[in-house]
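Chains as they are written, first to last, in this note's numbering: chain V, 1 to 341; chain U, 1 to 341.
Heads up, some of the hints might be wrong.
[What the hints assert, rightly or not] If you want the footprint, here are the derived chain U segments under chain V, 3+ residues with CB under 8 Å: (1) 83-89; (2) 97-105; (3) 148-155.
FYI, nobody ran anything at the bench for these hints, they're computed from the structure.
Glycine is no exception: its CB is placed at the ideal position from the N, C-alpha and C atoms.
Number of protein chains: 2
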Amino acid sequence: MGLKRTTINDLAAKLKISKSTISKAIKGYPDVSEKTRKKILKLAKKLNYKPNSIASSLRTHQTKTIGVIVPSVVHDFFSKVIDGIIQEAENNNYLVIILQSGEQADLEEKQLNLLKNKQVDGILLSVSNETGVKERLNKVLEKGIPVVLFDKIIKSFDCSKVIIDDKKAAYDAVCYLIHKGYKRIAHFGGVLTAQNSIDRFLGYKQALIDNNIPYNPDLVYVNPNNDDINDGYLNAQKMLKEHTNIDAVFAITDLIAIGVYKYFNKINIKIPEDIAVFGFSNWLVSSVVTPKMSTVNQPSFEMGKKATEILIDEIKKMNNDIEFSFQKVVLPTSLIIREST
Amino acid sequence: MGLKRTTINDLAAKLKISKSTISKAIKGYPDVSEKTRKKILKLAKKLNYKPNSIASSLRTHQTKTIGVIVPSVVHDFFSKVIDGIIQEAENNNYLVIILQSGEQADLEEKQLNLLKNKQVDGILLSVSNETGVKERLNKVLEKGIPVVLFDKIIKSFDCSKVIIDDKKAAYDAVCYLIHKGYKRIAHFGGVLTAQNSIDRFLGYKQALIDNNIPYNPDLVYVNPNNDDINDGYLNAQKMLKEHTNIDAVFAITDLIAIGVYKYFNKINIKIPEDIAVFGFSNWLVSSVVTPKMSTVNQPSFEMGKKATEILIDEIKKMNNDIEFSFQKVVLPTSLIIREST
Numbered sequence: 001m002g003l004k005r006t007t008i009n010d011l012a013a014k015l016k017i018s019k020s021t022i023s024k025a026i027k028g029y030p031d032v033s034e035k036t037r038k039k040i041l042k043l044a045k046k047l048n049y050k051p052n053s054i055a056s057s058l059r060t061h062q063t064k065t066i067g068v069i070v071p072s073v074v075h076d077f078f079s080k081v082i083d084g085i086i087q088e089a090e091n092n093n094y095l096v097i098i099l100q101s102g103e104q105a106d107l108e109e110k111q112l113n114l115l116k117n118k119q120v121d122g123i124l125l126s127v128s129n130e131t132g133v134k135e136r137l138n139k140v141l142e143k144g145i146p147v148v149l150f151d152k153i154i155k156s157f158d159c160s161k162v163i164i165d166d167k168k169a170a171y172d173a174v175c176y177l178i179h180k181g182y183k184r185i186a187h188f189g190g191v192l193t194a195q196n197s198i199d200r201f202l203g204y205k206q207a208l209i210d211n212n213i214p215y216n217p218d219l220v221y222v223n224p225n226n227d228d229i230n231d232g233y234l235n236a237q238k239m240l241k242e243h244t245n246i247d248a249v250f251a252i253t254d255l256i257a258i259g260v261y262k263y264f265n266k267i268n269i270k271i272p273e274d275i276a277v278f279g280f281s282n283w284l285v286s287s288v289v290t291p292k293m294s295t296v297n298q299p300s301f302e303m304g305k306k307a308t309e310i311l312i313d314e315i316k317k318m319n320n321d322i323e324f325s326f327q328k329v330v331l332p333t334s335l336i337i338r339e340s341t
Numbered sequence: 001m002g003l004k005r006t007t008i009n010d011l012a013a014k015l016k017i018s019k020s021t022i023s024k025a026i027k028g029y030p031d032v033s034e035k036t037r038k039k040i041l042k043l044a045k046k047l048n049y050k051p052n053s054i055a056s057s058l059r060t061h062q063t064k065t066i067g068v069i070v071p072s073v074v075h076d077f078f079s080k081v082i083d084g085i086i087q088e089a090e091n092n093n094y095l096v097i098i099l100q101s102g103e104q105a106d107l108e109e110k111q112l113n114l115l116k117n118k119q120v121d122g123i124l125l126s127v128s129n130e131t132g133v134k135e136r137l138n139k140v141l142e143k144g145i146p147v148v149l150f151d152k153i154i155k156s157f158d159c160s161k162v163i164i165d166d167k168k169a170a171y172d173a174v175c176y177l178i179h180k181g182y183k184r185i186a187h188f189g190g191v192l193t194a195q196n197s198i199d200r201f202l203g204y205k206q207a208l209i210d211n212n213i214p215y216n217p218d219l220v221y222v223n224p225n226n227d228d229i230n231d232g233y234l235n236a237q238k239m240l241k242e243h244t245n246i247d248a249v250f251a252i253t254d255l256i257a258i259g260v261y262k263y264f265n266k267i268n269i270k271i272p273e274d275i276a277v278f279g280f281s282n283w284l285v286s287s288v289v290t291p292k293m294s295t296v297n298q299p300s301f302e303m304g305k306k307a308t309e310i311l312i313d314e315i316k317k318m319n320n321d322i323e324f325s326f327q328k329v330v331l332p333t334s335l336i337i338r339e340s341t
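All chains should be built: construct the whole structure from the sequences, respecting the hints.
What follows is the structure in structure tokens.
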């Protein structure tokens, strides 16, 4: 479903009256009968039709600014996404306002309202791990501001989205581990309120099932903060107390995996000889640790660029009364196999 | 020297007339003699005095937006600075527009003009490695927009600045190496057009001189791109072809040092047993490589916060006709000693 404005074509089709007559009636030209004029104005009002003169006036009120909300800018992945956003925006003469939600839904709501009040032309959003922003987003869209969600999305919310297939990426990574001979694979996942945590977990689980390895919930460790090395460290410690036969860890992020590295290093568990480790995101750190870490490459710069391209296109179409449909773009991921598996 | 607006106090002092009389004269109240009024208006015009009513009208035109230009957002240091900027700005109800110069002075100039035209209330700038932006900055300041430079500054440009003492930080790091017994210390520096490259080089040189170690220009290797691991890698290769007795490398950034790690690792040179490595910036990577890297900690979040605090203060003072002086804040650095030295 697309975000549609009523156009003069809609009125013409419904009333079976020519576009020029409709235009004249709305502009108050005398050569349209009063009866026809009333009919046209009634439908125009009902369908909330705004003639192009109003659209043009809206155009002049454009701020040529887009707002971006991400959980944090101090983040290898998001900083590259932002790089893509700023470059694509600048190429189209848009400026970019950046806000950080810090994974707090309340702050995110405040920021969405702030951007609305600042009259940005459109919003790019990667939602926080807390849920329930759908209604807030609905409020933003009521005001006719296009919104594109990227990376961390709300599936049920109707707008354009640019994502990766987290489930497939996780599935591929775990299948790779299984084909390499690993059988007791633990998952260091995230809190299951965030869509990408859910999808990566589901990919892990499906890969086990499809390869006839029984899924064991005891091998799933939740990390309250996906990007906290210490969470990975503590869960590695916990896991080794509870299990003696783990042969691989599939982590939700490279930073969680780095935490695993740190604990294994401390107690002299060799990677990958004793236990293999697979990360997710391809942060710079994953390529410089010893042993170099196998991970999932996420197209970050491309994601920012694509989301911005779609948003600007929607802004332009909306301002010119051109209909458009929401897009869902799934960017491809790839496995980067290094020394840790 | 401060950026000063003429205030009503200046007029009162120069004319030896009360402020209330001056105010009445300018507002056209009848109880001021024509002679006095003429005298007051003449000086007000000469000193370009703008009464508060104009200041208030300027205030209502504030965009409550500040512009930030950094070389790149995909950068551990700058992303933390931006975190500090966005948080401090938001606490003061300002929004932040971010642009990336990509170390290109031409693009930076275009962006400064863009921000001016967008009527941001102030600008935070960390200049590109290319020189010659002083005149461009002067143009921005002519328009009465406060500018605060941070980290990468132009020394000769008159505005508030938030920096670290790069020379002292480098001096401290190299003195530490010398006191640990290292004597043949190479410097992997940056292009000497950037002030922080110059200062880190000067700190290195001074530390040698002060410790009676002859300075040898052959031990200085220039990295065209400070943040390119490959530059460090190639220079490590070059250095070992040209010299056989180097016992330590002091690198301008952690990423250059990581490049050194990579080459040493490849040809089995042990860090620190064969050659020690000292980095600069305390990027996340420096704490997770093996061996963990000694480095200089730069206060990044604090730098962004402080620069924003000063900028917003200057914006407010300028809008309220309050005089202010430019500040130069030097934030303290510290050595983080780990396993690589």
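Taking the hints in turn, this is what the structure says about them:
Counting residues of the stretch 83-89 of chain U whose CB lies closer than 8 Å to any CB of chain V gives 3, so the stated coverage by that chain holds, three being the minimum. Counting residues of the stretch 97-105 of chain U whose CB falls under 8 Å from any CB of chain V gives 4; the rule of at least 3 is met. Under the rule that three or more residues need a Cβ within less than 8 Å of chain V, the assignment of the stretch 148-155 of chain U is violated, with 0 such residues.
Comparing the model with each numbered hint stated earlier shows that hint 3 is the single one that does not hold.
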